[in-house]
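The residues making up each chain are set out below.
Number of protein chains: 8
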Amino acid sequence: MSLTVYLSGEIHTDWREQIEQGAKDACLDIQFTRPVTDHAASDAAGDLLGEEDKQFWRDHKSAKVNAIRIKTLLEQADVAVVRFGDKYKQWNAAFDAGYCAALGTPYITLHDEGLIHPLKEVDAAAMAWATTPEQVVGILKHVTRD
Amino acid sequence: MSLTVYLSGEIHTDWREQIEQGAKDACLDIQFTRPVTDHAASDAAGDLLGEEDKQFWRDHKSAKVNAIRIKTLLEQADVAVVRFGDKYKQWNAAFDAGYCAALGTPYITLHDEGLIHPLKEVDAAAMAWATTPEQVVGILKHVTRD
Amino acid sequence: MSLTVYLSGEIHTDWREQIEQGAKDACLDIQFTRPVTDHAASDAAGDLLGEEDKQFWRDHKSAKVNAIRIKTLLEQADVAVVRFGDKYKQWNAAFDAGYCAALGTPYITLHDEGLIHPLKEVDAAAMAWATTPEQVVGILKHVTRD
Amino acid sequence: MSLTVYLSGEIHTDWREQIEQGAKDACLDIQFTRPVTDHAASDAAGDLLGEEDKQFWRDHKSAKVNAIRIKTLLEQADVAVVRFGDKYKQWNAAFDAGYCAALGTPYITLHDEGLIHPLKEVDAAAMAWATTPEQVVGILKHVTRD
Amino acid sequence: MSLTVYLSGEIHTDWREQIEQGAKDACLDIQFTRPVTDHAASDAAGDLLGEEDKQFWRDHKSAKVNAIRIKTLLEQADVAVVRFGDKYKQWNAAFDAGYCAALGTPYITLHDEGLIHPLKEVDAAAMAWATTPEQVVGILKHVTRD
Amino acid sequence: MSLTVYLSGEIHTDWREQIEQGAKDACLDIQFTRPVTDHAASDAAGDLLGEEDKQFWRDHKSAKVNAIRIKTLLEQADVAVVRFGDKYKQWNAAFDAGYCAALGTPYITLHDEGLIHPLKEVDAAAMAWATTPEQVVGILKHVTRD
Amino acid sequence: MSLTVYLSGEIHTDWREQIEQGAKDACLDIQFTRPVTDHAASDAAGDLLGEEDKQFWRDHKSAKVNAIRIKTLLEQADVAVVRFGDKYKQWNAAFDAGYCAALGTPYITLHDEGLIHPLKEVDAAAMAWATTPEQVVGILKHVTRD
Amino acid sequence: MSLTVYLSGEIHTDWREQIEQGAKDACLDIQFTRPVTDHAASDAAGDLLGEEDKQFWRDHKSAKVNAIRIKTLLEQADVAVVRFGDKYKQWNAAFDAGYCAALGTPYITLHDEGLIHPLKEVDAAAMAWATTPEQVVGILKHVTRD
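Residue numbers (the numbering used here), protein chains in the order written: chain A, 12 to 157; chain B, 12 to 157; chain C, 12 to 157; chain D, 12 to 157; chain E, 12 to 157; chain F, 12 to 157; chain G, 12 to 157; chain H, 12 to 157.
One thing to keep in mind: the hints can contain errors.
Claimed, not checked - Cβ-Cβ distance ranges computed for the label pairs, FRET-style:
id : chain 1 : residue 1 : chain 2 : residue 2 : range
1  : A       : Thr-142   : F       : Ala-37    : 56 to 66 Å
2  : C       : Ala-37    : B       : Thr-48    : 17 to 27 Å
3  : C       : Asp-123   : G       : Gly-61    : 53 to 63 Å
4  : H       : Gln-32    : F       : Ala-37    : 22 to 32 Å
Worth flagging that the hints you see were computed from the coordinates, not collected in a lab.
Ideal Cβ positions, reconstructed from N, Cα and C, are used throughout, including at glycine.
The whole structure should be built from the sequences, with the hints applied where relevant.
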């Protein structure tokens with residue numbers, strides 16, 4: 012069974028690469044997709060459309076250009092993995108989770124035990140909560156087995 | 012013009028009451044809805060279904076019981092206001108925003124200038140960004156004028 | 012907050028009346044709906060359309076006439092309660108649960124501990140599992156509180 | 012004409028293999044999909060996410076992990092076959108049928124004459140009732156003929 | 012239980028009035044809706060928009076004006092009754108039935124035994140086949156009983 | 012530009028073959044689909060599921076088995092062509108047109124001038140009315156041109 | 012029959028008032044809705060959210076605030092009337108027509124003969140083309156007749 | 012990442028070719044689609060269905076034949092680019108933008124600074140506003156980067 016899996020959230024550790032490598036090692040038939048994870052490129056996505064004096068509009072333009080990609084990939088995904096790290100606000104990750112919930116796209120959360128309480132609404136709509144990339148790979152292995 | 016407006020997010024200040032009062036003072040025909048904003052009651056929503064040893068399952072049960080209300084009200088809302096304060100993770104607010112975005116329900120964000128960058132994806136899908144409850148009332152006044 | 016709640020499943024005990032009475036005692040603004048729960052009338056729903064020699068077609072006609080009601084009420088419901096008793100196959104209750112799941116209508120299951128394992132898929136898509144009508148009323152009270 | 016057919020329900024007899032073999036013998040251009048049918052693996056699907064003391068949560072986690080697969084395959088299916096055997100509760104099969112009904116995915120039921128009455132609601136929304144795998148193959152042959 | 016029922020099809024006999032009277036006599040809480048059943052007015056619905064030399068365009072304009080009403084009422088209906096008489100082509104009735112089928116709106120067909128074979132596809136997607144207005148009233152009585 | 016085109020309606024003349032041949036001659040990248048057009052096979056589609064004494068149930072079972080194919084192909088089609096000949100009731104063709112209209116699938120009608128008035132509602136929701144297979148091919152040629 | 016009708020487009024003549032008066036004179040049970048038609052107020056809708064140096068962002072903010080109203084009213088409308096005058100670009104009117112077309116909401120265009128060619132795509136998806144407010148009232152009278 | 016991009020709007024300059032060439036030069040995995048951009052062929056699309064005396068019906072028939080293509084391609088597109096030039100009414104471009112907005116398909120507008128004010132509603136629902144084909148290519152390059 013083949014699957015398209017969108018990897019949403021934290022961009023400061025290599026959790027995406029770990030999941031992709033784990034899936035590859037297990038020969039899973041999975042196509043992984045992701046947002047632009049180069050932080051600087053992501054923040055500058057709208058700059059080619061002209062300079063802005065205000066931070067709000069610079070961010071606004073970049074976020075919308077990035078959203079073209081994210082929205083398209085989220086709607087194509089069979090499953091999403093949403094990762095929350097221990098730093099930053101990461102509201103975009105929670106936004107993606109809410110988007111999946113409304114679309115009916117199953118998602119798996121990936122976060123430490125310390126975040127259980129603030130993530131309870133996000134976890135409540137998830138199909139699984141994992142604490143390590145290995146567990147995510149384990150779930151995907153089970154889900155796609157022949 | 013009448014409107015149903017869901018007030019999502021922060022529960023530690025009286026921004027909901029300010030908006031409701033402002034709308035009342037302006038005689039707007041708006042029905043406001045909200046999640047259970049009594050923090051303790053919200054956290055304990057699932058306790059009547061039996062005790063749990065693990066924090067995860069206690070939170071899980073409560074979050075799901077609360078979600079019955081939130082999901083119903085979000086889908087009935089014409090418009091949502093999503094408030095981010097300066098404390099706590101508030102991932103549920105971003106989750107609600109993502110849910111609205113996928114449903115096509117217009118929403119207004121309400122947050123300070125200091126949160127512009129981390130909220131850029133949430134603001135990008137919003138119809139307006141306000142910094143005060145008065146501004147939200149101003150928008151609602153314009154939107155519903157005869 | 013008002014709510015429309017569909018009561019699906021077992022028709023041999025008075026669980027519906029207990030929930031309705033409990034909601035009434037607590038002054039909840041809830042409209043309860045239900046299938047035709049008169050067993051004989053339900054089985055004979057299609058008889059006025061002409062006799063059938065085969066059991067399959069008699070059942071088929073009656074089940075379809077009943078489905079006009081069930082389908083309409085399920086799609087109007089904000090929430091469903093799906094009850095499984097200790098007797099009979101009750102596949103129609105599980106069918107209703109699956110229907111709700113696909114529509115995105117939140118539902119609460121109501122069944123004893125002894126049925127946990129066979130109902131795991133049905134419970135997995137539910138927002139809560141209750142074992143008594145009192146618990147269902149408790150959830151509805153929380154969900155609709157002002 | 013090619014078709015994707017999901018085989019839902021009973022996992023204790025070889026009805027799936029009979030249908031797949033029959034379709035192969037008839038050179039039908041059909042891709043069959045199915046849930047994880049290894050009973051022990053299915054029950055243990057969530058175990059890699061950590062141990063649970065309570066049966067409910069163990070079942071809950073496994074059922075949700077399995078649901079990632081089932082939901083994805085049901086939504087990709089053109090047609091489903093839902094099999095009810097003579098043992099066990101099989102509420103998950105009826106749940107899948109209800110899910111298909113709400114999605115508008117046509118499904119065929121496969122069960123003995125003895126189950127007509129308890130399955131009347133499930134059969135009422137089906138496109139056909141078959142009693143043998145050969146009949147299912149016969150229907151698929153007709154449906155996909157050039 | 013209240014219901015909105017659209018009465019589609021044949022306009023040359025008083026079957027609509029019989030059903031409405033029967034429902035009234037039985038005190039059913041049903042709102043009946045219907046297309047414009049004044050044949051001449053229906054054919055002339057577009058005439059006020061200017062004359063046409065070609066029959067096709069005169070019919071086209073009138074049919075579209077009528078469709079504003081029909082489409083709106085079909086989408087508001089909980090249930091439709093689709094009547095086929097023994098005269099005329101009545102393709103509009105079959106069109107309405109197909110429209111209901113795609114929307115998932117349950118419908119009841121009303122026609123004589125002589126039309127069974129040509130209506131088999133229309134009946135296959137119906138929830139019931141009745142031969143008299145009394146039977147339709149009987150079904151509605153059952154469906155809406157308290 | 013490639014296209015999937017469903018050919019619905021009359022099965023007694025070779026209009027489908029003419030369109031397919033015309034499209035082939037013009038090297039159009041179109042995949043044509045159709046119902047089972049072998050009249051006897053279509054009427055007998057459900058016979059393998061057991062004999063029926065009543066004509067209604069024989070027709071019912073066959074029509075539902077055929078509907079598995081029709082429904083699947085209609086939902087996969089980019090465009091439909093719906094043909095009405097000068098004989099028979101052809102309510103299934105009008106039913107397919109209504110189904111397309113509700114799905115938003117564009118369709119072309121193919122019929123003689125003599126049928127303009129009874130088909131006015133069906134034509135009103137169509138994207139084009141053609142009187143010959145050559146015209147249909149002409150439209151498809153224009154629609155898919157590079 | 013009651014109806015909700017959204018009046019979209021040109022804001023420089025009194026066509027809305029003429030239609031509303033005509034409907035009132037004819038005692039039609041119609042609720043008319045409209046965008047904010049006070050030009051200055053509409054252009055300034057976002058000004059309360061803070062000043063902008065660039066015209067683009069001022070317009071952007073105002074257009075989005077107005078869109079909260081327009082989007083809500085368009086989705087609540089049973090029917091829309093879209094008016095094109097002889098001045099200005101009026102792209103918002105064509106935008107609303109496209110929005111209705113995608114939602115499946117029937118709409119009527121109101122424009123002079125001189126605009127036939129540039130409006131052909133907009134008219135192609137409309138249910139009627141009128142040249143005077145009186146004709147629109149005439150259509151609404153027919154559509155809602157008892 | 013691959014993408015299907017529909018190029019809507021102005022047909023009198025070579026902006027489509029510039030974007031396609033730019034994407035090709037950058038080796039982007041994008042399939043571009045477009046309406047029939049041969050003006051004369053587009054206007055004559057319905058002529059093969061018979062002559063019309065009135066301009067309205069000639070345009071109507073052609074616009075509907077063209078709409079078969081446009082509707083199909085818009086619904087298949089991941090992203091649209093909507094171009095407004097400095098001549099003509101171009102209401103079809105705004106109509107396509109409204110159609111995309113209702114479908115939730117992200118689109119980019121391409122127009123000069125002089126059109127900011129009349130396009131404010133169209134821009135308000137867009138994901139980006141570009142003034143040159145190079146900027147559009149730049150956005151697509153960012154959106155599809157690996």
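>> Hint compliance check: list the failing hint numbers for this structure, sorted ascending.
In response: none
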